[in-house]
Amino acid sequence: METVVTNLQGVPINHYILFCSIIFAIGVIGVLIRRNVIVIMMSVELMLNSVNLLLAAFSAYKGDASGQVFVFFVMALAAAEVAVGLAIIVMVYRNTRSVDINALSRLKW
Amino acid sequence: MDNLFILIFIPVVGALVLALTGKSASAKTLALLFPLLSLAYSLSFLFHFVPDASMQFEQQVPWISSLGIQFHVGIDGISLPLVLLTNVLVPLIILASYGRKYKGDFYALVLFMQAGLLLVFTALDAFVFYVGWEAALIPIYFICALWGGENRIRVTIKFFIYTFFGSLLMLIAIIYLHLQVPGHSYELRSFYQLALDAPTQGWIFWAFFIAFAIKIPIFPFHTWQPDTYTEAPSAGTMLLAGIMLKMGLYGLIRWLIPIAPLGVAAYGQLAIILAVIGLVYASIIAFKQQHIKRVVAYSSIAHVGLMAAGIFAWNVQGLQGAVIQMVNHGISVVGLFFVLDIIAQRLGTHDIKLTGGLAKPAPKLAAVFLIIVMGAIGLPLTNGFVGEFLLLVGIYNYGLWYAVFAGLTLILGAVYMLRLYQKTMLGETPEQNARFKDIAGTEVLVLGIIVLLVVGIGVYPKPLLHLSEAAVSQLINQVSLK
Amino acid sequence: MTDLIWIVPLLPFIGFLINGIGRNILGKPLIGIIGSGVVFVSFLLSCCLFSHVYDARQAGGDGAFTVPIFEWISAGKLSVGLSFMLDPLSSIMLLIVTGIGFLIHVYSIGYMSHDPGFGKFFSYLNLFIFFMLLLVLGSNYIVMFIGWEGVGLCSYLLIGFWYKNEAYAGAAKKAFVMNRIGDLGFLIAVFLIFTTFGSFEFSSIFPQAAGRVSGDGTLLLITLLLFVAATGKSAQIPLFTWLPDAMAGPTPVSALIHAATMVTAGIYMIARSNILFTLAPVTLQIVAGIGIATALLAAAIALTQNDIKKVLAYSTVSQLGYMFLGLGVGAFTGAFFHVLTHAFFKALLFLGAGSVIHAMSDEQDMRSMGGLKKKLPITYITMLIGTIAISGIPPLSGFFSKDEILAHAFVQNKVLWVLGFIGALFTAFYMFRMLFLTFFGEFRGSKEQAHHLHESPGSMTFPLIVLAILAAFGGLLNIPAALGGGEWLAHYLEPVFAASTAKTGEFHLEHGTEYALMAASGIAAIIMAIWAYGTYVSKKTVPVADGAERSLLSRLSYHKFYIDEIYDALIVRPLNKLSVFLYKVIDRAGIDGLVNGLGRTAEESGKGIRLLQSGNVGFYIFMMVVGVIALLVYGLIKI
Amino acid sequence: MSVFYFVAFLSIFFALMTIFTKNAVHSVLYLVITFFTFTIHYILLNAQFLAVVNFIVYMGAIMVLFLFVLMLLNLNKDTEPLKSNLIKIIGVIAGLCLVVTIAGSLKLLETSNPVVLKDPGIGLVSNLGKVLFSEFLLPFEISSILLLTAMVGAVLLAKNETKKI
Amino acid sequence: MSAIITLSLLAVLLLYLGLFKAKKALLPVSLLGLLAAIVLYSIQWDTDAEPLYSGMVLFDHFAVAFSILSLFITGLVFLLSRDYFDSISEHVAEYYALIIFSLTGALLVVSFHNLAMLFIGIEIMSVALYILVGIRKRDFSSNEAALKYFLMGAFSTGFLLFGITLIYGATGSFDLTEIKNYLIANPHSISPLFYSGILLLIIGLSFKVGAAPFHFWTPDVYEGAPILITTFMSTVVKTAAFAGFLRLFLTCFVPLQDFWAPVLLVITVLTLFIGNISALAQQSFKRMLAYSSISHAGYMLFGILSIGAASAGAIFVYSAAYSIASVVAFAVLILVKRSRGSEHFEAFNGLAAKNPYLAFTLSVAMLSLAGIPLTAGFVGKFMMFSGVLANYHIVLLLLAVLNAAMGIYYYFRVIVAMYFRPADREEVTVNANYKAVLFIGALLTIAIGIFPSLLAGWL
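Chains as they are written, first to last, in my numbering: chain A, 1 to 109; chain B, 1001 to 1482; chain C, 2001 to 2639; chain D, 3001 to 3165; chain E, 4001 to 4459.
Same shape as in the complex, but just chain A:
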């Protein structure tokens, strides 16, 4: 295990950032192209996770633990958000029988 880990240390930090950016962007794309609210929420989770990974990477890069601690807070938020979000979705679904965001356009102009 140790060796595997040390082997991996050669990855430049830029590649981590790039990788996380790509995942982040995929999340954004997901939000943009899907109509199912739940999938959109999942895409948002993807975005949050990419940030988490980046935080961990920076934490390792800087040798500073606070980055990893921050990830906990993000996870707490993610949990809270998912709970609330799904509650909202359920509530909306009860009224509209749909989870399509395009159905939500009564409020406009």
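It is possible that some hints are incorrect.
Label pairs and their computed distance ranges (CB to CB) [said to hold, decoys possible]:
no.	chain 1	residue 1	chain 2	residue 2	range
1	B	D1351	C	R2600	25 to 31 Å
2	C	I2637	B	P1199	46 to 52 Å
3	C	I2033	B	N1003	53 to 59 Å
4	E	L4052	C	I2637	22 to 28 Å
5	C	L2004	B	D1052	36 to 42 Å
6	E	G4341	B	S1044	55 to 61 Å
7	E	I4043	D	L3147	26 to 32 Å
Below, simulated PhoX-like cross-link-like pairs (lysine-lysine); rule was C-alpha separation at most 20 Å, straight line [what the hints assert, rightly or not]:
no.	chain 1	residue 1	chain 2	residue 2
8	C	K2607	B	K1353
9	C	K2607	A	K108
10	E	K4354	B	K1103
11	E	K4435	B	K1101
Just so you know, the hints here were simulated from the structure itself, not pulled from any lab data.
All values derive from a computational prediction rather than experimental measurement.
Note that the Cβ used here is the ideal one computed from N, Cα and C, for glycine as well.
Starting from the known structure of chain A, arrange chains B, C, D and E on it as the hints suggest.
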């Protein structure tokens, strides 16, 4: 004894009292009481005023200390006539509105506006000036929009936005100047001491000029005015034309020109040209107006154009003329609008074609109207002449051709004013106008006072001129020294 | 004595106040007494003042007194005092104004006795006298201007006295506006004077001006502007058309204001400023040219007019033209002399015409008159005297004054003389035409009018008689040296015109030539009178009806050379059209449209921009992403 | 080294599958796999505790919640109305632009220092605990409010209201 | 800090009160709690501020002033809640608790000294709001608003987080002092991560304050949410978000002003124009207020754009003025909607004749929002303009002036409706709480307008 704060706050207190007593029957009496008190008190200032160039009765307390704003007011020879004008006209206007069913709220607004006007005319701090400037605008908006004619809503909102836009430009200029003052103050005097470069003064000029030009109004910023004057209730029109537009002219004298002399040097000529164009333009338009108030509205544009031109000519005669003409125009225009109000009230129309022949049933009204008309067209021995004469001298000193064109007001003014008089008063009396009631009661009182002022100032203007003489000369010297 | 000079104008003013305020309370007799009384007292005072000046002149002084009352306007260096000046010129004008004014007041008591506006009329008349006195007495241009405008106001009020008639009110307005055009010239001239000489006071300006060279540009401008003012007030080309219309006013008004006093203010003003004009020879030529042109034009129009007052009105315009001709050729005394005599005979003629109209139950058309001499003997005789006087038939007053002007014209420019001579012929013809049509032949009016014909009451005939005497003998005041006269007036006025005389030199004309000129004009006038007699009495020609065919010249004359129509087409209507155009197109649609357009643009763009808020979350998020990308692109560039 | 790139490839692949799969349930499953690859990343970074938490919280709790809701609402069919292709393409392009701009503005294509674990022990529970309970005690406590809020809210919203509005 | 603890406990207490059906006690207890918090904060005023809890929070004057303002406004909102929540649901206690939670988040946002606190504060605030917006469960608008708000909020959280991460990546710390030190230590070799971090933070925070082009949620959510929640959102939450925004930039990013100022400039101008121009075309008073809140965000961004010693005071006064006026406006809207069932301008027709008091207070509020002198709104605008001019953004100010003039038009529409358009209507009944709030609101608006030193001296 002569506390300017008290002078300014009498109307405020009056406004509050009236707003609270609201619909009580005594509102009318109360409404007259406070302005009369104010008038009486301002006489004390008149008696204690020493007609020299100094600023007198100064009062100063910190207001917003963190921003360097002082509540600083004072009176000199230029502001005193206007303070007096305000305090004389407001009671007259209130008296003039006695025939209408106004309640406490109306009078509260009038008094509140009076306070704003007094603030503008006495402010020595730019912030105070600006606050007074806007404080006078709100009540007049409500007066016009609440009690005005058919199109009042559209017209008044346009008026409000238009003037508000202008004053915001002024606000920018004020803040900018404030930032330039060492030690960041809003004091008028420290503004005077600034020596800014020409391009800066140029835009400062425009910022102030547009604000004032809209309020005065100077061509081509005038289009709100005829509409507003016609739609407003008569008391509103009187306030607007009689006092409010003097704010702009006063602003030119007190703020714009001394602060941005280089700006004036660069663009003052353009301003005069605009003023003179407006004068001729409005006069010609007034020829054929069918709405009686609109005739006077356009005439007012012409008259203030003359005053503005005289001010920009920036010499003793022009300025003195402007100061006295501000007073005169206030008096005359209030008289004119009151007469037109009486006519419109009794006939139920503003259409010049439907009036006519009123001199027979109402000879007193006709006589008074004639005197006021003569005052408005500047006949010698009426107040209008003194002002117009000095203004034309001032403009003449600036340039012959300006005076020639500005002088057209003599001719054109006679044309539209006499047309108005002829169409309303003269000619065969139509049947429906035969039972027109002549003026009586408060109407006689108001018009009588106005006529007395018209003739009195015309015959013996010297005391009034004397008030402002030293202050005007001093201001001119101060600017020319820069 | 001269300290009390302010009482002279004050009295009529008090009369104005009393009559104005008490017009409905005081009875007609009382109003009449007060109105005439104050003027009469003024007249008496004026006589005293005149004698005072006269004494001073006799003593060899210049007879000028300046009496300051109070400082009126002051602003910087500019200071205007209300102060009066009494000198030979103004002392005579004082007498004319108060004297003739008094007579006309008296006349009015009778003439206006049935009018409901009796009190108003007298108050206006008094006010007029007040302003006229200010004009005459002012020791500076500003006080003169006050009077100048004030008489304009009274003219307006009195022309429109019968305001119920829309046309009369219009005529009043026209008079006022045309006067105002001149007034603007006056005012600007005054500014020029002030900047040039630093004062408005005559006593300060004229000596300074005398030091200037002839042909000075500033003086040229000043005098031109002053002349513009004079054309307005004294009804010269191009501003004369108001005067005939002014006949809308009651006849005493026409006599007093539009014949004897106010309209001569322009001549008075130029005579007063004679030194300025003398130093501006170009202006003088223009004055002369305009004067003679007006004289001829008005005379030509008068030839065919049928309204008795219109004839007199055009005759007034014509005579005023003569006066300007006199001024223009440097005959200041002559011009002023003509003012004097004209005041007598024209007032007389107007009052006489008024008497006729009164008798004819307000009929003014001469075609309906005729044969009145038996019914109105006093009127007839007095008017005959007036007619002879105005026609320049010796030895009545008009002959002398007109002759003096023509003599000067002859010296200056023969053409002017010829034209003036022709004008004199016209004058004689139309005046006698008027006389004959009115008083000779058969009565042509209706039965009813015939029934009512009567001589006017004493209050009306008395002024007629007094004026007839004056018209007959006024010429004695300045009998030319050629006729062995003492030229009293010329001597009396000498100090007033002294500076001008010094510049131009003494007027000189061979006695022989002068006799010839006199004879020519006198005889010619008599011939014209006879011709008129032949036409209108012997042949009993009556002018044709309005619609009838006329020859070209006659048509031009009858329609006043279409000048009113030309003004209407060239000035009034374009201005009115311009007014509507400016209002509807430029002001409402243009400027206001722009302002409203800005507002509407904002509102419309609001309607557009709010569509961005489509309600679709996907779109919102897409926009956000676009925003994010934009920001990051900025970062890409910037870092 | 190449392990990182391999896992990164897998992550991206499954992330893409997540968002492009039509069936929502499949999406959830792909997301679970994606998160699993993330766990591997954490291990590679020597952040063992995070790896464990990630595994439990995300793959365990959150994903199950998603699945649960999907099933509850009976949305496990292929019925999701898809956006038009045009919007999809625009979305993808926008996403790609986002990547490019992020990468560009972060200067990611320039060479940079490799990750060197200065302190290999920071990812351990004990070390993290020290930091969390000393330096980050306050936010830790405060996040309880966040969770409490979410709890109250979720209950409030999801509960069937008896009262009529 | 004790105030925050008090509030957290208060919220829990309220939940328990709800459990024991002590409905009557809810409002007094909440108000007492708020009062206690205000008192606790006030005590802190004079103490020297030091970062507490390992540099997590800093209760300096800035924090205390904004906290007291937030507490005060929340108090007003609570006063308005009488009879309001009852009509929505039985679970009134939870609503109170959620609002208090959200308030707690806001208080953290204004006093953070570590990005972690900022993040958690914002999220507490937002998550509570996601729920509150949706509490009208049967109401489609409320549902839609909640879902939109949630989705977009979560989405923007991603950017905020990304930004924080990049800042962390560049500096190695979440502590504001550390970040500032990093900038001071490396003035010429700042990592590109840092720049992008700032941009992403701007995006995240712009979303929270509702600045264009990240404002799209605002109109819809404000319209869909229950009025009282909209009130809370547009006042307390917006104020707190701005305070946080300003605090972050004021403490850390001032040295890089040249970099981010142009971005904010564009955002400001866009926000002003979009907010104002869209507001012109609105028919619903509520939606108009939503757009107006966007435009006010534009004005408040001036404070950040011209960042300096005076910015804090300016934003404080501005947000106080704006919040008070908004509370009054929404209060009247609640009453009008209750009596007429509509939020449109027409619903206000003729109000002045029947309810002069309501009409007057609403007019004062509108004048304040429009920035007319002698009202608090003017003082706020004045200070903003002063700040901007001090940085010589004259052109920007000209645009602002244009917008202010447009603002008059839509603010005055309601005044026009109330005073100048007659309509048959009945008198709206106003209970004592509403009267009190309206009175306090109008009074404060005018008092601050006349004596700005009341507030301007705080910061």
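*Does K2607 of chain C pair with K108 of chain A here, judged by a C-alpha cut-off of 20 Å?*
12 Å, holds
*I2637 of chain C paired with P1199 of chain B, Cβ distance criterion 46 to 52 Å*: Taking Cβ atoms as reference, I2637 of chain C and P1199 of chain B lie about 32 Å apart, which means the hint is violated.
*Indicate whether the distance between the beta carbons of I4043 of chain E and L3147 of chain D respects the range 26 to 32 Å.*
For I4043 of chain E and L3147 of chain D the Cβ distance comes to about 30 Å; the hint holds.
*Is it true that the C-beta distance of D1351 of chain B to R2600 of chain C lies inside 25 to 31 Å, as the hint says?*
Given a distance of about 29 Å, which is inside 25 to 31 Å, the answer is holds.
_Pair hint K2607 of chain C and K1353 of chain B, alpha-carbon separation not exceeding 20 Å_ = 42 Å, violated
*Confirm or reject the claim that G4341 of chain E and S1044 of chain B have a C-beta distance inside 55 to 61 Å.*
Holds - the Cβ-Cβ distance for G4341 of chain E and S1044 of chain B, about 58 Å, lies within 55 to 61 Å.
*For the pair supplied as a hint, K4435 of chain E and K1101 of chain B, is the alpha-carbon distance within the 20 Å limit?*
30 Å, violated
*Outcome for the supplied range 53 to 59 Å, where the beta carbon pair is I2033 of chain C and N1003 of chain B*: Check passed, 57 Å falls within 53 to 59 Å.
*Is the gap between the beta carbons of L4052 of chain E and I2637 of chain C within 22 to 28 Å?*
41 Å, violated
*Cβ-Cβ distance between L2004 of chain C and D1052 of chain B: within 36 to 42 Å?*
37 Å, holds
*Measure nothing beyond the straight line between the CA atoms of K4354 of chain E and K1103 of chain B; if it is 20 Å or shorter, mark the hint as holding.*
Roughly 16 Å between the alpha carbons, so the hint for K4354 of chain E and K1103 of chain B holds.
When each numbered hint is compared with the structure, violations occur for hints 2, 4, 8 and 11.
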